[in-house]
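*Asks:* Working from the sequences, and respecting the hints, build out all of it.
Protein sequences, first through last, are from chains A and B. Those letters in the first sequence? Residues 1 to 115, per my numbering, in order. Those letters in the second sequence? Residues 116 to 537, per my numbering, in order.
These aren't lab readings, by the way, just hints derived from the structure by calculation. Treat the hints with care, as some may be off.
[Stated by the list, open to error] Not close to chain B: a few residues of chain A, all C-beta gaps over 12 Å, as computed:
#1 R70
#2 G73
#3 K86
[Unchecked claim] Residues from chain A that face chain B, not an exhaustive set, calculated with beta carbons under 10 Å:
#4 P33
#5 S43
#6 A50
[Stated by the list, open to error] Covered stretches of chain B, going by a simulated chain A footprint (3 or more residues, C-beta under 8 Å):
#7 442 to 451
#8 467 to 474
#9 510 to 519
Virtual Cβ for every residue (Gly too), placed ideally from N, Cα, C.
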Amino acid sequence: MKVRAARTLAGLIAASGTSLALAQQPPPPAFAPSNVTQNGVRSMAANCAACHGTKGRPAAGSAVPPLAGRPQGELIAIMGEFKAGKRPATVMHQIAKGFDDAETAAIALYFEQQR
Amino acid sequence: MRMDRRQFLKAGAAGAALAGMAGCAATGGSAAKARVAVVGGGYGGATAAKYIRMLDDGIEVVLIEPNEAFVSCPISNMVLGGFRTMADITTPYSGLARHGVKVVRDSATAIDLDKKQVRLAQGGPVGFDRVIVSPGVDFMWEALPAMAGADAQNAVLHAWKAGPQTAMLRRQLEAMPDGGVYVITVPLAPYRCPPGPYERVCQVAAYFKAAKPRSKILVLDENADVTSKGPLFKKAWSELYAGMIEYRPNSKAIDVDVGARTVKLEFGDQKGDVLNVLPPMRAGAIAAPYITANRRWCEVDWLTFESKAAKGVHVLGDALQIAPAMPKSATMANGHGKVCAAAVVNLLNGESPNPSPTLINTCYSMVSDKLAIHVASVHKYDLNDRTFKAVPGSGGVSAAMNEAEGGYTMNWARNIWADTLG
Chain A
1 MKVRAARTLA GLIAASGTSL ALAQQPPPPA FAPSNVTQNG VRSMAANCAA CHGTKGRPAA
61 GSAVPPLAGR PQGELIAIMG EFKAGKRPAT VMHQIAKGFD DAETAAIALY FEQQR
Chain B
116 MRMDRRQFLK AGAAGAALAG MAGCAATGGS AAKARVAVVG GGYGGATAAK YIRMLDDGIE
176 VVLIEPNEAF VSCPISNMVL GGFRTMADIT TPYSGLARHG VKVVRDSATA IDLDKKQVRL
236 AQGGPVGFDR VIVSPGVDFM WEALPAMAGA DAQNAVLHAW KAGPQTAMLR RQLEAMPDGG
296 VYVITVPLAP YRCPPGPYER VCQVAAYFKA AKPRSKILVL DENADVTSKG PLFKKAWSEL
356 YAGMIEYRPN SKAIDVDVGA RTVKLEFGDQ KGDVLNVLPP MRAGAIAAPY ITANRRWCEV
416 DWLTFESKAA KGVHVLGDAL QIAPAMPKSA TMANGHGKVC AAAVVNLLNG ESPNPSPTLI
476 NTCYSMVSDK LAIHVASVHK YDLNDRTFKA VPGSGGVSAA MNEAEGGYTM NWARNIWADT
536 LG
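*Replies:* Pasting the structure below:
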């Protein structure tokens with residue numbers, strides 16, 4: 001009896017531990033649908049400017065590459081390589097993963113159009 | 116917000132010319148459709164001012180800032196290390212004029228929401244249709260009673276607002292004899308620039324290693340552990356500066372004996388040769404009416420950065436009650452400025468703001484003169500919780516300290532300075 005009671009108790013503790021752990025898991029984020037309208041893309045691409053310069057034009061002599069005026073296809077391909085870990089990176093492999101394919105394509109087109 | 120007397124005297128006429136109602140002092144002859152006043156020309160405010168003008172040059176933008184030039188907190192630790200000069204981290208405000216931003220060198224003393232005016236210390240009031248407040252942080256001196264006076268604050272420095280104190284702290288380090296002890300205290304998070312204190316330790320250690328190798332560094336951290344890039348900083352400390360740095364977590368500074376150069380802790384006192392005390396922080400004083408969280412920080416609607424306490428007032432940068440995993444960093448404030456600028460332009464044109472804003476944070480720390488580490492993150496807007504959240508699977512830190520990122524650090528700085536002010 002004692003053994004069984006102990007087992008039951010242990011089972012209860014384990015079960016409650018599991019349900020507690022489940023309850024403590026934060027729900028996955030419910031992100032707003034991406035906005036690839038002109039305003040939305042301009043706003044997303046503005047983030048890139050902190051490192052790559054306003055509208056993708058870095059300061060003279062910058063080691064951070066320019067984005068303005070580069071073909072959309074080239075930028076999409078590079079972002080894909082960053083995401084896949086196939087291209088050497090310092091921060092871009094981590095940042096590329098924050099954007100889905102539609103967002104990446106829209107941002108790349110925005111920079112192609114900055115001439 | 117403090118400013119010195121000489122700056123008050125220089126501020127004069129430009130402010131007076133802008134007195135009056137919104138729209139009266141338009142740029143280029145034609146009447147502006149609206150005027151936005153921006154209080155504070157740091158990473159948040161200056162970026163917002165520039166981006167509003169880039170998005171809609173029919174909106175007049177007046178930036179109110181007491182300092183003659185922008186001095187960057189990022190890279191300022193390298194001035195302490197002796198690897199950069201004050202000139203290297205200083206950028207004039209003149210670049211904003213090219214975008215048609217009017218820079219008024221004055222100090223905002225109050226925001227009058229009935230009259231829709233920012234009152235200034237020297238000049239006449241600046242009228243606005245919307246106001247953006249980006250005041251950075253103020254120090255909670257009440258947490259360290261003996262630090263209340265100017266004499267104490269000029270003797271025991273924070274150097275946590277880049278500027279005169281940065282140069283003063285460098286001079287204190289230069290004057291310290293070899294074999295001396297530099298003591299830095301770190302307040303409980305959240306505070307401006309989570310990795311900043313630990314980067315500063317690296318920079319001071321790099322200077323000591325080269326110039327005063329018998330000297331020691333004592334880190335008194337109120338936090339339970341290094342608050343950002345912890346394993347990377349600890350590795351840098353042990354590998355680059357072996358035997359030089361002692362780290363004491365859970366060490367809360369409660370006061371300073373300025374004369375005895377001693378930090379008073381909850382448990383025991385600690386003497387040093389150079390004391391560098393970072394007090395707890397809150398939103399800058401001009402934003403006090405908009406503080407809604409813990410009597411320290413301002414909460415906003417993250418789609419517009421409009422204050423939860425006052426309509427028509429937008430708050431940016433380090434003064435904010437942060438979203439989950441969002442640091443009080445320069446890149447973040449620069450991003451706040453852009454989301455806010457776009458929303459303000461939308462609102463003044465009768466349009467809806469972007470329902471799906473994105474922010475990216477990239478933050479480098481120099482662990483020596485050449486080696487750096489980073490933390491990066493991507494943040495998107497969560498519909499249920501109405502806040503920014505980090506995108507799962509994105510972001511991260513450096514695998515190890517490295518020279519490539521050391522090079523990118525200065526490039527990042529030059530580009531964000533140009534993006535903010537150029």
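*Asks:* Each hint: holds or not?
*Replies:* Each hint, compared with the structure:
no. : hint       : result
1   : R70        : holds, 16 Å
2   : G73        : holds, 23 Å
3   : K86        : holds, 16 Å
4   : P33        : holds, 6 Å
5   : S43        : holds, 5 Å
6   : A50        : holds, 5 Å
7   : 442 to 451 : holds (count 3)
8   : 467 to 474 : holds (count 6)
9   : 510 to 519 : holds (count 5)
Checked against the numbered hints given earlier, this structure breaks none of them.
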